[in-house]
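Novice: As a plain string of letters, each chain reads:
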Amino acid sequence: MSHMHIPDGVLPVWIVTAGWVVTALLLAFCIKRVSSIELKRKVPLIGIISALMIVGMTLEIVPIAYHINLTVVAGIVLGPALAFISVFIVDLLISMFGHGGVTVVGLNTIIIGAEAVLGYYLFQLFKEVMGNKSMFWESSLAALLSLLLSTSIMLGVVYISQISPEKIESIGHLVSGTGSNTNGLRVLEDGINFSRFAKTVFILSPLGWILESVITGLVVKYVFRVRPDLILPERA
Amino acid sequence: MDVSAIDYYANHGVSFLHGARALSKIIFAGLVIASVVISNSFYLLLAVYFSLLTIVIWTRLPVLKIVTIAAYPAIFALIFAAASWNGSWVSAGVIVLKALCASLAMVILIVTTPYPDVFSSIEPVLPRIIREGLFLTYRSLFVLLELTDNLVKGLRVRGGLTHGRYIKNVVNFSSGIGLLLVRGLDLSEKFYGVLNVRGYSGRISGGGRHEKTGVNDFTAIVIGVLILGAALVIKKNGELSVYDGCMLALSLAALVLSTAYVVLPNTWGRAWKK
Amino acid sequence: MGESLEEIVKVRNLGFKYPDGTTLKFDGRDFTVGRGERVVMLGPNGSGKSTLLSLLLGLLKPSEGEIEVLGVDPSKEYEKIRERIGALLQNVDLQIIAPRVWDDVSFSPRNYGYKEEETARLVDDILKKLEIEHLKDKVPHYLSGGEKTKVGLAGALVIKPELLILDEPFEHIDPACRTELIKLLNRVNKENGTAIILSTHNMNTVPLIADTVYLIAEGGNIAGKGTPKEIFSQVETLSKCHIEPPILGELFSALKKQGVEMDISLTVDEAACTIANAMVLSKNKTGLG
Amino acid sequence: MGESLEEIVKVRNLGFKYPDGTTLKFDGRDFTVGRGERVVMLGPNGSGKSTLLSLLLGLLKPSEGEIEVLGVDPSKEYEKIRERIGALLQNVDLQIIAPRVWDDVSFSPRNYGYKEEETARLVDDILKKLEIEHLKDKVPHYLSGGEKTKVGLAGALVIKPELLILDEPFEHIDPACRTELIKLLNRVNKENGTAIILSTHNMNTVPLIADTVYLIAEGGNIAGKGTPKEIFSQVETLSKCHIEPPILGELFSALKKQGVEMDISLTVDEAACTIANAMVLSKNKTGLG
Ligand SMILES: Nc1ncnc2c1ncn2[C@@H]1O[C@H](COP(=O)(O)OP(=O)(O)OP(=O)(O)O)[C@@H](O)[C@H]1O
Ligand SMILES: Nc1ncnc2c1ncn2[C@@H]1O[C@H](COP(=O)(O)OP(=O)(O)OP(=O)(O)O)[C@@H](O)[C@H]1O
Ligand SMILES: [Mg+2]
Ligand SMILES: [Mg+2]
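Residue numbers (this note's numbering), protein chains in the order written: chain A, 266 to 501; chain B, 4 to 277; chain C, 1109 to 1397; chain D, 1109 to 1397.
It should be emphasised that the hints constitute simulated quantities derived from the structure, not laboratory data.
Beta carbons: idealized from backbone N, C-alpha and C, even for Gly.
Hints are all accurate, no fakes.
Pairwise CB distance ranges (calculated):
1. A:T465 with D:G1221: 39 to 45 Å
2. C:E1239 with D:E1326: 15 to 21 Å
3. D:K1298 with A:S399: 41 to 47 Å
4. D:G1221 with B:D189: 29 to 35 Å
5. B:L67 with D:K1298: 49 to 55 Å
6. C:D1233 with B:L67: 45 to 51 Å
7. B:D189 with C:E1344: 32 to 38 Å
In silico DSS-like cross-links for lysine-lysine, where the CA-CA straight-line distance does not exceed 25 Å:
8. A:K305 with B:K193
9. C:K1291 with C:K1236
10. C:K1365 with D:K1291
11. B:K193 with C:K1125
12. B:K171 with D:K1244
13. B:K193 with C:K1184
14. C:K1236 with C:K1223
15. B:K193 with C:K1268
16. C:K1133 with D:K1246
17. C:K1348 with D:K1291
18. D:K1237 with D:K1268
19. B:K68 with D:K1125
20. D:K1246 with C:K1125
21. D:K1125 with C:K1246
22. A:K305 with C:K1223
Where chain B lies over chain A, by a calculated footprint (3+ residues, C-beta under 8 Å):
23. 344-358
24. 459-473
Sequences and hints are given; from them, build the entire structure.
Specialist: Here it is, written out as structure tokens:
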């Protein structure tokens, strides 16, 4: 559970819709950037890497919910634009397999796509800064950080979803009424206790983050030893 | 997420849903998900879940396996439910049931419809690169699954995966994934060659098969409409009206009767024959 | 044979360099294929057979030398000739791209913009010819190895190509299936006049499928050319290419060593005739003497 | 041969069912392998050869029947015997796991917790024996097909196993390499007394490497057992298994049809002797007559 797939029906419709709109815009942007490059060569590449991510998800390391995602690996190998497209394909497919929500494919793509894109840029940054020989630390740190960030984005989405227009009233009502939780955060009548939610996520996730970043590091290290051309920027 | 099993059921099943067109089943799933999204009634959602279970039983596929596959999002829903815990089991149940129903509706679609048909039906709304990406991803998925199977066997035979030695296992396993990635990239080069040689110019699938709309499609859509209708009625009348009780009783009855009719004459395990 | 035919493939002094520096030079002899000719390439692992086939298909760009396929340079103008060429690359699994057998076999005609009925007719034709009509609606990952090869072949043959290029089509399939495949290829060659270029490591199939054999040595060097019989009697060139003659070739050389001299025959039936005749002859001879 | 040997593999009435319902029943005959015996499995595509090998390696759990390898049930206690078994499964490419050849060959001893010097000694030994010392520091990805097979084999042989299990080791490698591999396997068999079980579609290699041949028919049925000569003279069972006898087998049956009756020999040298002798005999006979 290095990241969450938001399920259907827990978030308000407006934010779900917003998720689709933003994803569509980002996809349009990415596709525009890609189609200048040779499409015929890229499609099989996207296909294989997306398939690899799904294969990763079918291999459960710690049973029940801890599987690997390889999003950062995808980001490093594909580059940001292709990786985002690939994440969208993966999310669409796994939603059909009942693995994540359908209505929230848009939101999930933003969150997980951010992971891949951030992973790519962080890796490039660490590579410049650290110049390590094996690429292990660069990639695993990049993975760890981008997982942390993508989880924060997810929490952000959940947080924003609470501030829906229809809820504003009830917030006012709450503040004046029965009072809120001891730590001062808002508790919504029908909604999510955000601090409790964030705590749960931050308790459950780190094991997933660590596993994912160690595996990312080892995978990238391996690929770097065998096919350095796939990791270094010289690639076509 | 047992992709091979899902795919196998879709390609080898013989139920009325397998006989319906992909588009009808997509509409069905859409209607169910719409009702799940608009409804906050615990009883209605439970009724929807029972109805979906009834349908699963009628597909004559392994029920437990399919229910397990579709139960995955419930784990995440549980976290949301725990976070919005207000002392009432009912509102926690609503969150979990929403996730369960939506995911089961999707799984029903995918275990009764071979993927080329599903993709062909949603093709028109997708940009080309994603359309083609979907097809190639699915094709690559099965090539990679076979490679993975081979790889895991290789690791085990050579002592790379040993009970109780977690660190070594993770290191070896990661090397395996790296190997898979490198192989995968080779494969994509080859796919590229094949596309080139065979004159690819933007047409991977042959489009949906020309199927006729029949009584199966009608059934699927009618069930979907009924579910959405019930959701709308209950939304209008508020929760815990008489309607809730009726729906629940009705769906439960359907479930029990179907189980009796379909499953009991066989046994749980033997319901699915090749 | 083949000398007087129109040459549809001509390769001269071809060279290719992989990005990592591996260099292949297909020199020593010209590589040519006549219309309707069946050509087999033999050579050790890594000699460059697959590379040469990729060059012919315009998948790689030669770094030197000339290459002409059906009158054009494939690395520049492959699009002009692609409708006249069918190909099956190493590893059939990857050959099948479309989600269903029918979609896959119809892949090329659809992409070349054939009309729908025309496509349907061509596909049904070839499926019938290869006896795989029943697989039409199957998803490729439920096909057996032999079936995959046949589907791949159907996809290559559907547009009635003038030239068929096959890279190791006989691996991983059982002998019965192999024999069937060879029959099929020979039928296509005869009926449509399709030229065939294929590579293989299975020497015993060579006499059954080849008009002309090319020997490729390490580094791409084209070390020999001739009919199967000619090639398999050039023991030195063969050993230079790490190739062993087919079993029957070896048998006849072993017999020669034992003092029994006969014409080399490379197919079982021929060989049986030769040996039986020789026995009868030797009987008669002694009888006469 | 093999009857009086200690049996290190015993399989009786084994059945296996894949999750999708495909069922294989290895019945008809018991499958046994004696210490130091060389066993070859033949059968059409999809008959269950790879499945049986996976069952022996404890990778799959039988749904019925008994299976015993080196005294234990591999599906339960494979860890107990794994250091005594070496294996190379179909598709070598994915068995070479480590990023360098040396790392890969030393993979098993390192994972089994051998000491460093011990590991180094074993690895150097086997690399020398297989004549691939020069590949030590190479990245396996860039090796040729034959070289990869050898590296894979080195990884399987490094721990001096009592039992070696190989699934189609001869595919995609050239004939010279194949011959070398066969020699190598026979040497390992002789020197270390390693028993070998392998599957192949290459009939002509069978007489060179097999003490005992098992014929597997569709569905896993063990349809025949015997020495190569015995098996290849059972024409009916062979055709039931979609198998064609090796070329020499066919030659002798063709000769028989032509009225020339001889003992079947399946290796080239033997066959040459047989034929040469027959000629001399027929000469003499006629001479006498
Ligand atoms: N993508 C590549 N990058 C670098 N070198 C390569 C590449 N592909 C092939 N080679 C090298 O080019 C040479 C020729 O390879 P090729 O695949 O053409 O041989 P082949 O005759 O087809 O061998 P086989 O019989 O094993 O298929 C080999 O030395 C190989 O290592
Ligand atoms: N993972 C799997 N799931 C379902 N069925 C399988 C699986 N693997 C193999 N089979 C089926 O089991 C049967 C035996 O397969 P197996 O691979 O053992 O055959 P084989 O004799 O090794 O064939 P080949 O000569 O082609 O390698 C086949 O019908 C095959 O389709
Ligand atoms: Mg090749
Ligand atoms: Mg096999």
